[in-house]
Amino acid sequence: MTATEKSCEAPSGVWGFYYFYGMSNLSVFLAKSEVKAHDLEHKRKIQFNIDKYAATVVRGKEQFAHLELARKKAKNVKWQAIEHLDSYLEEFEKNFTARGGKVIWAENADEALEAVLSICREKEAKQVVKSKSMVTEEIHLNAFLAKHGIESVETDLGEYIQQLDDEPPYHIVTPAMHKSKEDVARVFHEKLGTEPNLTPAEITQIARINLRKKYREAEVGITGGNFLVADIGAVCVSENEGNGRLSTAFPQTHIAIVGIEKMLPSVADLELFWPLLATYGTGQEVTVYNTLFTGPRQEGETDGPEEMYVILLDNGRTNLMRPEVRESMYCIRCGSCLNVCPVYKNIGGHAYGATYSGPIGSVITPHMKGMEEHKHLSYASSLCGGCTEACPVKINIHGMLLANRITATKEGLNGYKENTGWKLWKRAMLSRKLMNAAGGGIKSMLVGRLFKDSWGKRHEELKFPKKSFNELWKERK
Amino acid sequence: MKTSKARENILSKIRKALGTHKAPQPYPAAAEDVTPVYSTTELTDEENFASAFIKLGGKFVYCYNEADLVENIHVLYENSGWKQVICSDPALQNVLNKNRLHISTLADHTFPEAEVCITGCEALVGRTGSILFSSRQFMGRTAPVYYPIHIIVAYAHQVVADTNHGFRLLQEKYGEQMPSMVNFNAGPSRTADIEKTLVVGVHGPAEVYCFYVDA
Numbered sequence: 001m002t003a004t005e006k007s008c009e010a011p012s013g014v015w016g017f018y019y020f021y022g023m024s025n026l027s028v029f030l031a032k033s034e035v036k037a038h039d040l041e042h043k044r045k046i047q048f049n050i051d052k053y054a055a056t057v058v059r060g061k062e063q064f065a066h067l068e069l070a071r072k073k074a075k076n077v078k079w080q081a082i083e084h085l086d087s088y089l090e091e092f093e094k095n096f097t098a099r100g101g102k103v104i105w106a107e108n109a110d111e112a113l114e115a116v117l118s119i120c121r122e123k124e125a126k127q128v129v130k131s132k133s134m135v136t137e138e139i140h141l142n143a144f145l146a147k148h149g150i151e152s153v154e155t156d157l158g159e160y161i162q163q164l165d166d167e168p169p170y171h172i173v174t175p176a177m178h179k180s181k182e183d184v185a186r187v188f189h190e191k192l193g194t195e196p197n198l199t200p201a202e203i204t205q206i207a208r209i210n211l212r213k214k215y216r217e218a219e220v221g222i223t224g225g226n227f228l229v230a231d232i233g234a235v236c237v238s239e240n241e242g243n244g245r246l247s248t249a250f251p252q253t254h255i256a257i258v259g260i261e262k263m264l265p266s267v268a269d270l271e272l273f274w275p276l277l278a279t280y281g282t283g284q285e286v287t288v289y290n291t292l293f294t295g296p297r298q299e300g301e302t303d304g305p306e307e308m309y310v311i312l313l314d315n316g317r318t319n320l321m322r323p324e325v326r327e328s329m330y331c332i333r334c335g336s337c338l339n340v341c342p343v344y345k346n347i348g349g350h351a352y353g354a355t356y357s358g359p360i361g362s363v364i365t366p367h368m369k370g371m372e373e374h375k376h377l378s379y380a381s382s383l384c385g386g387c388t389e390a391c392p393v394k395i396n397i398h399g400m401l402l403a404n405r406i407t408a409t410k411e412g413l414n415g416y417k418e419n420t421g422w423k424l425w426k427r428a429m430l431s432r433k434l435m436n437a438a439g440g441g442i443k444s445m446l447v448g449r450l451f452k453d454s455w456g457k458r459h460e461e462l463k464f465p466k467k468s469f470n471e472l473w474k475e476r477k
Numbered sequence: 001m002k003t004s005k006a007r008e009n010i011l012s013k014i015r016k017a018l019g020t021h022k023a024p025q026p027y028p029a030a031a032e033d034v035t036p037v038y039s040t041t042e043l044t045d046e047e048n049f050a051s052a053f054i055k056l057g058g059k060f061v062y063c064y065n066e067a068d069l070v071e072n073i074h075v076l077y078e079n080s081g082w083k084q085v086i087c088s089d090p091a092l093q094n095v096l097n098k099n100r101l102h103i104s105t106l107a108d109h110t111f112p113e114a115e116v117c118i119t120g121c122e123a124l125v126g127r128t129g130s131i132l133f134s135s136r137q138f139m140g141r142t143a144p145v146y147y148p149i150h151i152i153v154a155y156a157h158q159v160v161a162d163t164n165h166g167f168r169l170l171q172e173k174y175g176e177q178m179p180s181m182v183n184f185n186a187g188p189s190r191t192a193d194i195e196k197t198l199v200v201g202v203h204g205p206a207e208v209y210c211f212y213v214d215a
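For the record, the sequence lines run as chains R and A. Residue numbers for the first sequence follow our numbering, beginning at 1 and rising by one. Residue numbers for the second sequence follow our numbering, beginning at 1 and rising by one.
Since the hints were derived computationally from the structure, they do not count as laboratory data. Each hint can be trusted.
Cross-link-like lysine-lysine pairs, in silico, DSBU-like; alpha carbons within 35 Å at most:
{"id": "1", "chain 1": "R", "residue 1": "K345", "chain 2": "A", "residue 2": "K196"}
{"id": "2", "chain 1": "R", "residue 1": "K94", "chain 2": "A", "residue 2": "K5"}
{"id": "3", "chain 1": "A", "residue 1": "K5", "chain 2": "R", "residue 2": "K147"}
{"id": "4", "chain 1": "A", "residue 1": "K196", "chain 2": "R", "residue 2": "K369"}
So, partial list: chain A residues that the calculated Cβ filter (under 7 Å) puts toward chain R:
{"id": "5", "residue": "K13"}
{"id": "6", "residue": "Y27"}
{"id": "7", "residue": "A30"}
{"id": "8", "residue": "S39"}
{"id": "9", "residue": "N185"}
{"id": "10", "residue": "R190"}
{"id": "11", "residue": "V199"}
We put the beta carbon where it would ideally sit given N, CA and C, even for glycine.
Using the sequences and the hints, build the whole thing.
Next comes the structure, spelled out in structure tokens:
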């Protein structure tokens, strides 16, 4: 489809989900990309944020005397965790259960949602406080709970802004990256009736006051998890604001929903992983609150939840165990590859139409949600390799984007026109006779037609010279 | 709940994939390499802690002994105009009261709107400037984060070099009775969610003091 800028920008709310309903994922992706790539104001905001990020990352890295060795060691640790994931999951379950925690396994989003709902019903919960978690975005937890009469409020400032504005997070680490401070002040003014033009500090104070009540009232606190630790049966949550701490301090039930790939073999690995996550995620040396949860309140403890559940979520992650993309399971979701990606910087986080955007999202989404519908994401890369360079655990991200393209081609998913085009192209290229037989004009016309909808759409028309190289060579030798 | 079926399915999918293909270790040489990855300094662990903690935005107050500590807390109290101070560490509350400094009440589950909370800690981490807390401390999950100003009292023997030394200290102290929550806190609560502009005091404390007792 050819979308004019105006018609694409019209829908707001759930970023035009309903507007684009009925279009294929690919068409929506192309339409949104086209709009965003030409939106200079959007580009300015993203560039501003990413420049600030890049400047702090340099400072964070100074804590490492041997950064390259640290990254290699980290990759070794994640390799160990994923190559023995079955045993580590069992070890985690055994240790976490031994201290009174409960483990629930969920194969897909529905199972995870049902588990959360049944816990909430048992506790007669009306209010849930949630700390930042991409997994809960992935399973659309807030909308699901709302449908069942349970209010789930985001407590991370960036997520709170996005929830007020009825938008999904734009970036996996910095959810409201695409909003200027004026944009945020406007959202607060419109949704909460605050004075217009509040400063970031004033906005933060409003959020603090509003959410303090919620921590005290909520029956259930829900978090994600940055790591699972097998040897002590722990879930780790890293955050800067203290909302994760408070969400797990007051409510009498704590539910942590964590993807199975977040595994680390040992608590001793955190000394390496916490600083790496902080440095590559936000440019800090360490995150302000790095917390381990090994279960509910123990005997003799004076506060904390009576019950703690961990929901171990698959939801397509086991598909990533196939050899060519297994490394994507090493990802610690720092967002670093998004920040360096020229495609991300141009089309922005929402165009991908996926919970996990940017290069790593383009690797995993086709496997988690279906190759046929999401294969186009693997082509949304210049294969410049910036993502691989920027990865704290040295995941070969651009290599896997290429691997996905091969998979899509092998499975014949590239569409009749493109496949036929390349077949005819191959036949012609392998035949000297065919190449010399046709003159330049007819070649331009034929090739132009073959690739009209793919190459021709965004490139100048192909013009072949009158004579082929072979003919010229014969004449001049 | 159909949890056991999900459990079996997930584990069997993983085992099937691992059975089909085993990935080789990415960097065998790095696995053997014991070179420390972090930069080191000429400073002691205490000095490292103080400088890292200050860099994080913490306020470090050195005290010769407990008498000095009480005096310093008193001076700060006199100059700040705080209306209500909570103390979540019974032993510390005792030290303050014993020295006739009756400024604080012991923390409880009513969570009054106090400006300040005084707590103890489990350890100070030299390299990162983090302070280790646990739920084995009195009101350990709530006290260090709920109040706008946090005063931590730490003693010289609590300083460790890095994160793993902190874990070891906890394991030695609690053995099988490990706390349900362990937290490494690096300075005041902060956010940069709006235009990457640093704002302190989001949900946790905006001001964090460490009174370090060198005794």
